Amino acid sequence: MPSVLPLGDPAPSDGLLPAQAADGAAARAFGLYVHIPFCAVRCGYCDFNTYTATELGGGASQDAYAGTAVSEVGLAARVLQRSGVPARKLSTVFFGGGTPTLLPAGDLAMILRAAIDQWGIEEDAEVTTEANPDSVTPESLAILKEAGFTRVSFGMQSAVPHVLKVLDRTHTPSRVPQVVRWAREAGLAVSLDLIYGTPGESLADWRYSLETALSYEPDHISAYALIVEEGTKLAAQMRRGEVPGIDDDDHADKYELADQLITEAGLGWYEVSNWARTPDQACRHNLAYWRGDDWWGIGPGAHSHVGGVRWWNVKHPVAYANRLAQGYSPAAGRETLDSDTRRLERVMLEARLQSGLDVSTLSTLGRHEVAGLIADELVEPAAAFHGRLVLTLKGRLLADAVVRRILPD
Amino acid sequence: MSPMARTAPVPAATDPAIIRNFCIIAHIDHGKSTLADRMLQSTGVVQARDMKAQYLDRMDIERERGITIKSQAVRMPWEVDGVSYALNMIDTPGHVDFTYEVSRSLAACEGAILLVDAAQGIEAQTLANLYLAMENNLTIIPVLNKIDLPAAQPEKYAAELANLIGGDPEDVLRVSGKTGVGVEALLDKIVRDLPAPTGDPDAPARAMIFDSVYDTYRGVVTYVRVVDGMLHPRERIQMMSTRASHELLEIGVSSPEPTPSKGLGVGEVGYLITGVKDVRQSKVGDTVTNLAKPAAKSLPGYADAKPMVFSGLYPLDGADYPVLRDALEKLMLNDAALVYEPETSAALGFGFRVGFLGLLHLEITRERLEREYNLALISTAPNVEYEVTLEDKKVVQVTNPSEYPTGKVAEVREPMVSATILAPNEFVGAIMELCQARRGVLGGMDYLSEDRVEIRYRLPLAEIVFDFFDILKSKTRGYGSLDWKADGDQAADLVKVDIMLQGEQVDAFSAITHRDKAYAYGVMMTGKLRELIPRQQFEVPIQAAIGSRIIARESIRAIRKDVLAKCYGGDISRKRKLLEKQKEGKKRMKMVGTVEVPQEAFIAALTTDDSKDKAKKK
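So the sequences go chain by chain: A and B. Residue numbering for the first sequence follows my numbering, starting at 1 and increasing by one per position. Residue numbering for the second sequence follows my numbering, starting at 1 and increasing by one per position.
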């Protein structure tokens, strides 16, 4: 989650949602995102809302954070009820950060338990936590499994020491196979996160990272091109010429290589940057984002979405904890999307999925563009004939350009 | 020191013997307006508390740039030896683009103050106007201004002026417009040294128009100098060049606010209002006479303003085209030298080809359009007018490269100028190098003083319209000055260079250049465009060609990646806003075939390297 919050309308202090949030809610899945805003070290490329200080004070300190998060769970349930949104069981839960596993496993378990107590949970629910290879043990993983977690996503990023160094990642590569094994032994599904295009990373380095990751036989892989965000240490280093700049062609080569090796290893793409061993192992929580389902985001800077109403919490953990302690909603701003904007978001998000976009979502002008996209080898012709817009490999690399073309008006 | 006049002579009843008509010849920043302000104050026509700095320069742009575009005339009373005189100060445009207007202002005077900055010495444009004044037999009063400056070198420059116009360095007056020192002595000298106007009071009326200005409330205000006879309110007057007649609704003098009078007699300077709405009906240089008793012969020296430099003006937003059209129509009311006609460009859409007197005229016009009408404009590289003769003897006038004929060309003629450059002698080498590179032919060289040189070149106008003056300034560390005037034409080996994107010709980037420079232009423009045009989903070749012969090529590689890798819950709003912004940006793209070219690329490609560097530094 980028740390810069969007501009929106002010959110009311009681957090109550406009009427449209409740429309058709019963038919939509409901998920929970929990943001853990702590890291042991801040990575040079990271612009996420995370803090390395152990003692931010009050409800924002690491010790007290789980309790603060639990209090937002209670607030969430009250706000949804008072806004007329029917209570639904949780279908997915995702702990992200930051480094969730920097908190004791018991704290994560406590937050999850509070949420389940509040809403209940579907029998086959997906419950994921992100984890740093440095901050898990067989014991902590067992506690998570016991609490109801089903899946762990390790921030492996690279298998190459000099690349990890530029990224400021502190784990030693040899620890990854060990934590993957522990997670499996605990009964958790495993995803690995990789980053490509780090300054100084050669194509051979990237191939090595991919082959290494695949050798651990993960159930799921996410591979992201490095984005150099304004205000990060890496951006400053790049500006000063200390590290080379980003080359889109290099990114394209590495994406193509990733898709080739991951596919050969038996996983399939289901979103531009995500591959799963079987369709069931796709991250359902993330799919919910892309399909416009409802979710509540717990934690400072966390974003929520219910029925076309998007909002985001205040960014700083101390401000966040104070708002909750005073009984106010921590929401900082929000936007209520009209039908045109919701359609635009739907096109923008669903076009990235392997399941594709229903062509009838597009305007007449947008549909006229599809033939040109087939000619330019950006969308799959057979799927298009069946009314779905599905990107080719070349199209995935140019997904933003494709989206601009199919939204001409 | 003379006191302020106790009584002012009355217009329409003033003996020519007590009239003095003069102008001030000065370089842009040599303090003409400040001195004029000080004279208005010393003669009491403007009270100190009403003083708006640089009273005569009315337009904002003029005040900001410190230059006078439009002249006006002010009548001031001044008493010498107990006699009240009427002094008419005629303000002249200070820039080379407005030579014709200057010549008409000079023709309305008997004398001129040659005003020179005591720290800088005389500049080429001043010298050019001084020659014009001497040709008109004006009496010259040399004056050094800004003598209060620590860097002033009055001895040195007094000697330079005396050397130029003859006379004794001791006779050069020393003033400071800023402090007022010497201004009263100057007013006295104007009365004593300048001849009084002469003319026949009983002859049919003849008055020369030396300026005409459009005023929203009053229509065209015409400034005249009466040579013979007399003009009265309510009578019908006639413009001798067009034979058009108008009723004289109001006649008067500016002092400095317009003050109606019972008429204007021999030697007097004032304004006329007839209710016409277009300055073209009141042309500078034309003779006004009385319809009932017309003069047989008009005053000499009338000429139509002739545009020398042409440029396409296009609104950035196509929807602004009607706004631009209306704005040009309005500007034209006040600018007889401005000509335009609609033009379309495949790349830039609908716009106008506009003719200007010179580059400054172009810049000022563009700035006024942008500022007063809130328009954002693209102007294409300035052009001169070529005469192309085809082998079948057909002759085509070309003011836009896209009009260049495709048939077999027998001859191309281009307009020439004679240019005068003044600079310290240490820069002679650099100046000659520059002029040689611009196909100039040396006409002569003279030392104005020990260390200042006047260099004369005959140059193609096309070679000086773009960046010549900027380069001259930088090569002479700011000391060089330039004046030019039209000087016939010449046949030259000129070709049209086309620029093509993906085989599609982009008219806005075509240029007519000398054959020897075509390759350099092609390489420069294709290179620039390669940098400026973003990568597309396909490879885009950029070529420069003369006819069908390719002389330079570059290519923009196809873009392979345009996708944001991550898009999770917290990214959605941000990504949507980015998409909306990109969609907005796409609206400002111009399509050349299937290539999307951002408007910024057009602007950047059409500006000089110099201004591009400046923009980068911001």
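Think of the hints as simulated: they come from the structure by calculation, not from any bench. Given the structure is predicted, the values throughout are model-derived calculations rather than measurements. Here a beta-carbon is modelled for each residue, glycine too, at the ideal position from N, C-alpha and C. The reader is advised that the hints may include incorrect statements.
[As the list claims (entries may be wrong)] If you only want the chain A side, here are some residues facing chain B, beta carbon under 7 Å, derived: (1) LEU16; (2) ALA225; (3) PRO244; (4) ILE246; (5) ASP249; (6) HIS251; (7) TYR270; (8) SER273; (9) GLY308; (10) ARG310; (11) SER339; (12) ASP340; (13) ALA399; (14) ASP400; (15) ARG404.
[Stated by the list, open to error] What the simulated footprint calls covered on chain A by chain B, stretch by stretch (three residues with Cβ under 8 Å from a Cβ of chain B suffice, anywhere in the stretch; the number is not a length): (16) 162 to 171; (17) 322 to 336.
[Unchecked claim] Pulled a few chain A residues facing chain B out of the computed Cβ check, cut under 8 Å: (18) PRO6; (19) LEU203; (20) HIS305; (21) ASP376.
Now for the hints, and whether the structure bears them out:
{"no.": "1", "hint": "LEU16", "verdict": "20 Å, violated"}
{"no.": "2", "hint": "ALA225", "verdict": "4 Å, holds"}
{"no.": "3", "hint": "PRO244", "verdict": "17 Å, violated"}
{"no.": "4", "hint": "ILE246", "verdict": "10 Å, violated"}
{"no.": "5", "hint": "ASP249", "verdict": "6 Å, holds"}
{"no.": "6", "hint": "HIS251", "verdict": "5 Å, holds"}
{"no.": "7", "hint": "TYR270", "verdict": "14 Å, violated"}
{"no.": "8", "hint": "SER273", "verdict": "5 Å, holds"}
{"no.": "9", "hint": "GLY308", "verdict": "12 Å, violated"}
{"no.": "10", "hint": "ARG310", "verdict": "6 Å, holds"}
{"no.": "11", "hint": "SER339", "verdict": "14 Å, violated"}
{"no.": "12", "hint": "ASP340", "verdict": "11 Å, violated"}
{"no.": "13", "hint": "ALA399", "verdict": "4 Å, holds"}
{"no.": "14", "hint": "ASP400", "verdict": "5 Å, holds"}
{"no.": "15", "hint": "ARG404", "verdict": "6 Å, holds"}
{"no.": "16", "hint": "162 to 171", "verdict": "violated (count 0)"}
{"no.": "17", "hint": "322 to 336", "verdict": "violated (count 1)"}
{"no.": "18", "hint": "PRO6", "verdict": "4 Å, holds"}
{"no.": "19", "hint": "LEU203", "verdict": "14 Å, violated"}
{"no.": "20", "hint": "HIS305", "verdict": "7 Å, holds"}
{"no.": "21", "hint": "ASP376", "verdict": "6 Å, holds"}
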